[in-house]
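Peer 1: Sequence:
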Amino acid sequence: MPGCNVYLLVGQEGLTLIDSGLPWGAPRVLEGIRALGFQPLALRVILVTHGHPDHYGGAGDLQQQTGAKVYMHRADTVPTARGDTVPRYFPIPGYPRPVVDGFLEEGQVLPILGGLRVLHTPGHTPGSICLLLEMHGLLFTGDTLLTTRSRFARPLPIHDPEAYMRSLERLAGLSFEKACPGHGRPLLEGADERLRGLVEAVKARGGPAWWRLLRWLVGLTGARSDTRHR
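Numbering (the numbering used here), first residue to last: 8 to 237.
Since the hints were derived computationally from the structure, they do not count as laboratory data.
Listed next, with one range per pair, are the computed distances between beta-carbon atoms:
1) R51 to P193: 20 to 26 angstroms
2) E113 to Q46: 29 to 35 angstroms
3) G121 to L195: 16 to 22 angstroms
4) G44 to Q72: 14 to 20 angstroms
5) A42 to E169: 39 to 45 angstroms
This one's a predicted model, so the numbers in the text were calculated from it and none came from an experiment. Each residue gets a CB set at the ideal place from its N, CA and C atoms; glycine is no exception.
Start from the sequences and build out the full structure, keeping to the hints where you can.
Peer 2: Quick look at the structure:
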């Protein structure tokens, strides 16, 4: 999808979309839903992993066309003069921001595919979340963790290096075989072990202080920097 990976969960409760891509990608989401044999009105829920427009951008259009409810963490939202709530960061002129119908909270278990657990993992943004399907050993990571080839990578910028490091350490203590990132290909085996290796590599390089140095260097050069663990 334009902007980021999106994931469609199919359950008895209807269709759930994790992230929505950039605004102009909404027609492709609807096309994909139809290609799978479903009608767009079967889309009931859109879960936004964080408040950047490559992840929430298409949700406004999808919300208007399907009636789906949009949920995200409160820390990445802002109230409007109309009295509703929308994603906080980087609105794109000419495209509607979704109205947030409810907030996702740490530890909340959503009744989706046997239980989808919300993990508040601040760092990339204050309201970043991951979503864990414990019965299936599957973690949806948003931009908290990305992949390159067969490993995890973490592109800058990071909003809060200390919070991000704590989030990484927390995720490294969980058990999950597979990880579906916001960008990059899913890891289909040994994802938790790979993450533990990444955490150890980051600690060996100085932890949050290392992230801050990389962010400063990227700001100087305008380059994109990835932190990788082989």
